[in-house]
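S.K.: Take a look at the letters that make up each chain.
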Amino acid sequence: QQPVQSPQAVILREGEDAVINCSSSKALYSVHWYRQKHGEAPVFLMILLKGGEQKGHEKISASFNEKKQQSSLYLTASQLSYSGTYFCGTGEKIQGAQKLVFGQGTRLTINP
Amino acid sequence: EPEVTQTPSHQVTQMGQEVILRCVPISNHLYFYWYRQILGQKVEFLVSFYNNEISEKSEIFDDQFSVERPDGSNFTLKIRSTKLEDSAMYFCASSGDTQYFGPGTRLTVL
Numbered sequence: 157q158q159p160v161q162s163p164q165a166v167i168l169r170e171g172e173d174a175v176i177n178c179s180s181s182k183a184l185y186s187v188h189w190y191r192q193k194h195g196e197a198p199v200f201l202m203i204l205l206k207g208g209e210q211k212g213h214e215k216i217s218a219s220f221n222e223k224k225q226q227s228s229l230y231l232t233a234s235q236l237s238y239s240g241t242y243f244c245g246t247g248e249k250i251q252g253a254q255k256l257v258f259g260q261g262t263r264l265t266i267n268p
Numbered sequence: 068e069p070e071v072t073q074t075p076s077h078q079v080t081q082m083g084q085e086v087i088l089r090c091v092p093i094s095n096h097l098y099f100y101w102y103r104q105i106l107g108q109k110v111e112f113l114v115s116f117y118n119n120e121i122s123e124k125s126e127i128f129d130d131q132f133s134v135e136r137p138d139g140s141n142f143t144l145k146i147r148s149t150k151l152e153d154s155a156m157y158f159c160a161s162s163g164d165t166q167y168f169g170p171g172t173r174l175t176v177l
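Keeping their order, the protein sequence lines are chains A and B. First residue of the first sequence? That's 157 in the working numbering, and the numbers climb one at a time after it. First residue of the second sequence? That's 68 in the working numbering, and the numbers climb one at a time after it.
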């Protein structure tokens, strides 16, 4: 069952902040965040692992609430380059090849 | 920075024809994947591969699909008899713990 992302779309002005949520009905081991621009491949942003380990980028951070099976992606002081569709992918395995189940995406538009 | 590469970038084929999509994963990665994305929709898992075996496959990955790692570098997805609904963007990915996606192959079945 796929994770549910909210909101479906966001329109911001440059410099504003955004929060994108990802919620699953299943127990998760990891949450993977990607950004995809039109016609391009998903680009890795962030991975959050059960137990609190987190990897990511400057100005983009995320949280992972294991009990609630939810993750949120925080984009601060948004730039024009942040525009795109953001997908969360959830992983249920502790080790090995990790099938990712993706949400339906959140389209983020940043205007000057 | 190492990256996943895929060929061809575009493939147009007639319904019923066989296609082979090729991928070169990142060299020190052990896990390989194929995903597909129908235009405007989410990314869907097809299959994962490790140690020359399929680790997991989705319901989409039926008998018409197969994967192979014919040598030490390439990873291929074969569709034996393409259908109109196979038209999509196909992404290869490889991982240690983080999955990195290739640029994709756009498959159009006429």
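Honestly, the hints are just simulated from the structure, not real lab data. C-beta: ideal position from N, C-alpha, C; glycine also. One or more hints might be untrue.
Computed, partial: chain A to chain B, Cβ under 8 Å [to be verified]:
hint : residue
1    : 230
2    : 254
3    : 260
S.K.: None of the hints should be skipped; say for each whether it holds.
M.R.: A quick look at each hint next to the structure:
no.	hint	in the structure
1	230	violated (19 Å)
2	254	holds (7 Å)
3	260	holds (5 Å)
Figure legend: structure checked against the earlier numbered hints; the only hint not met is number 1.
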